[in-house]
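K.L.:
Going line by line, the protein sequences match chains A and B.
Here the working numbering is used: the first residue of the first sequence is 1, the next is one more, and so on.
Here the working numbering is used: the first residue of the second sequence is 1001, the next is one more, and so on.
Where hints are given, some of them may not hold.
[Unchecked claim] Selected chain B positions facing chain A (in silico; Cβ < 8 angstroms):
| # | residue |
| --- | --- |
| 1 | Y1095 |
| 2 | E1159 |
| 3 | A1171 |
| 4 | G1181 |
| 5 | P1185 |
| 6 | S1221 |
| 7 | C1232 |
[Claimed, not checked] Straight-line distance between alpha carbons at most 20 angstroms, and here's what the computed DMTMM-like set of lysine to aspartate or glutamate pairs gives:
| # | chain 1 | residue 1 | chain 2 | residue 2 |
| --- | --- | --- | --- | --- |
| 8 | A | K165 | A | E31 |
| 9 | A | K186 | B | E1161 |
| 10 | A | K146 | B | E1161 |
Keep in mind the hints are simulated off the structure, nothing from the lab.
The beta-carbon is built from N, C-alpha and C at its ideal position, and this holds for glycine as well.
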Amino acid sequence: MKTVIYCEHHNGKIKKSSLELLSNAATWGTEVHALALGAPGTLDGLAAELNEYGPHAIHFAEHAGLAHYSSDGFAKVVADAAKSLGAEILLASVSTQTKDFLPRVAVKLDTGMASDCTALTVAGSNVQATRPMYSGKCFASVDFSKAKPVMATIRPNALGMKAKKAGSATATKLATDPGTIRAGVKEVVAKAGAQNKVDLTEAERIVSGGRSLKSSENFKILEDLATTISATVGASRAAVDAGFRPHSDQVGQTGKVVSPSLYMAFGISGAIQHLAGMRSSKLIVAVNTDQNAPIFQKADYGVVADLFEAAPKINEEFKKLLQH
Amino acid sequence: MKVYVCLKQVPDTESKIKVAADGKSIDSTGIKWILCPYDEFAVEESIRFKEKNPGATICAVSAGPDRVVDALRTALAMGCDEAIHIALPENADSYLTAKSLARAITKSGTPHLIFTGKQAIDDDAAQVHQAMAEFLSLPAVTVVLKAEYSATSVKLDREIEGGAIEKYEVATPCVIAAQKGMNEPRYASLPNIMKAKKKEIKKVTLAELDLTDTDTKVSYSAMQLPAERGACKMISGDVAAQAKELVRLLHEEAKVI
Ligand SMILES: Cc1cc2nc3c(=O)[nH]c(=O)nc-3n(C[C@H](O)[C@H](O)[C@H](O)COP(=O)(O)OP(=O)(O)OC[C@H]3O[C@@H](n4cnc5c(N)ncnc54)[C@H](O)[C@@H]3O)c2cc1C
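Using the sequences and the hints, build the whole thing.
P.N.:
Next up, the structure:
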């Protein structure tokens, strides 16, 4: 099965979640084609990184119109590439970008897509995908029998990074035409203080706080802990509604859906809408003064304690551990 | 000037989800259905647009089984002028939903703007906005926090990773998919709820759109509840001992640090 993987990149680096997908595809025994888009002359440096994950072929779609993201331009180029390469499977990791333009690609290819999958295996011509529905309250197995090519997006960290596999593909340049761009980004404005932080949806580790933090200043104790273990800080809706954190930090049904390998919830009760956003985390730690808080029913490790005492102590212990 | 708002009816966020006897859909008994929270922002945005552009007619469109007329009534009660119900079977995929919406809109009159939510919180597929736009050959911007309208274009802020904002300016007609925070949806007043009950909801069948319910691309062969986690290991002792033990467990037992 010819598998084309759309590889997202920013600032000259392939996204880790795209590499995660490539590393998994390398274990499926299918023909793996890595595809990257960008302005002429900006992609060559990506080939070395892609080759660490052993794709059979690397394709660069270059055009001045691809210097900035546009849903219509990117959709046309990826759909054209999938057609010209004869893709039988087209995959990407979930991001705000792929969520935006891949539905258009599916229509252009007259196929269907399973978005936000948490499991995916390819064996011979058989593609098995599982995707969460109802915010992770249930999981559905996808039937692709009428979808040619098969299209799916996979949640970061869901498959896990597999071993590197040295490859030696030379990048080929595809004939590329993004067409008329009508919805193109004019400018990107970063959130103050947010530079270089891993987004919640991609974070390997998350330290979240709730209403009980009482102020935005108090979140400093969680920020400190997060810094020690290279985690991203998240929040419950109650903390967001109280103005302690921006909405972009909210985890839950009306916030971000996250699946880190470690989720630490400090003073979060575990309302169903919060659980919806973090229940697929691999390991959940809850710190709460109330031993009957519902969060403990979903946690792996529970600590009944005042977070204002526990968080700094846990931070100290992490520091001790990580110094060695 | 015609403005559309596409909306979906979804289970309330508190709903317990159970798998139905067929093993591949959910058991809808006991579910309370609501207008999807993201679509509420879309409805509100369309009404605010009309308040500034009195010439606009706001048409709410929903594709789904008969129960979705309740969500359309909610939209009418909030201030939409007209409503179209596309009769679509339960569990239709994003492809057929988007195609039926696009065709119903084309039939009903050229759009100036089409609003919808950034995602429906039942299947969480987040595909219909851009797929519908593609069927209509219209540009679309999704996860929109802010829109400024002028006669022939819209300036839009789209939220991306890390809370950063992408700035767009798109010519009308276009599709706009709302993110939470775009506005504060209003509650419908009782008189408006009563009035909405009397408004006509136009029903459109798939056959009238030259489609059939087998025009889907993906379906679900099985649904399962998530595996239950093992019991939570409660860590006892004073805070210092708890912190020490927790970090030891994370390192030695769970091996996540
Ligand atoms: C349509 C809808 C959508 C929603 N979407 C979301 C969503 O996306 N995300 C979300 O999070 N919520 C969402 N909610 C809200 C959700 O129902 C809860 O209200 C919210 O998650 C509660 O936040 P919390 O746990 O911080 O606060 P609370 O429920 O008030 O819990 C505070 C917890 O802190 C503990 N505590 C207090 N002091 C301390 C201390 N010193 N040390 C340790 N523990 C302490 C308490 O025991 C309690 O368990 C939504 C609700 C609705 C209706």
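K.L.:
Each hint needs a verdict: does it hold in this structure or not?
P.N.:
Each hint tested on the structure:
Taking 8 angstroms as the C-beta cut-off, the interface hint given for Y1095/B holds, the closest approach to chain A being about 5 angstroms. Interface restraint check: E1159/B against chain A, minimum CB-CB distance 7 angstroms, threshold 8 angstroms, status holds. The interface hint given for A1171/B holds, since its Cβ lies 7 angstroms from the closest Cβ of chain A, which is under the 8 angstroms cut-off. Taking 8 angstroms as the C-beta contact cut-off toward chain A, the hint placing G1181/B at the interface holds, the least distance being around 5 angstroms.
With its C-beta approaching chain A no nearer than about 12 angstroms, P1185/B sits outside the 8 angstroms limit, and its interface hint is violated. Taken as an interface hint, S1221/B checks out: its beta carbon lies about 4 angstroms from the nearest beta carbon of chain A, inside 8 angstroms. Below 8 angstroms, beta-carbon pairs count as interface contacts, and C1232/B has one with chain A at about 5 angstroms; its hint therefore holds. Between K165/A and E31/A the CA atoms are separated by roughly 14 angstroms; this keeps the pair inside 20 angstroms, and the hint holds.
Only pairs whose Cα atoms come within 20 angstroms are accepted, and K186/A paired with E1161/B is accepted, the gap being roughly 17 angstroms. Distance hint between K146/A and E1161/B is unfulfilled; the C-alpha atoms sit about 33 angstroms from each other, more than 20 angstroms.
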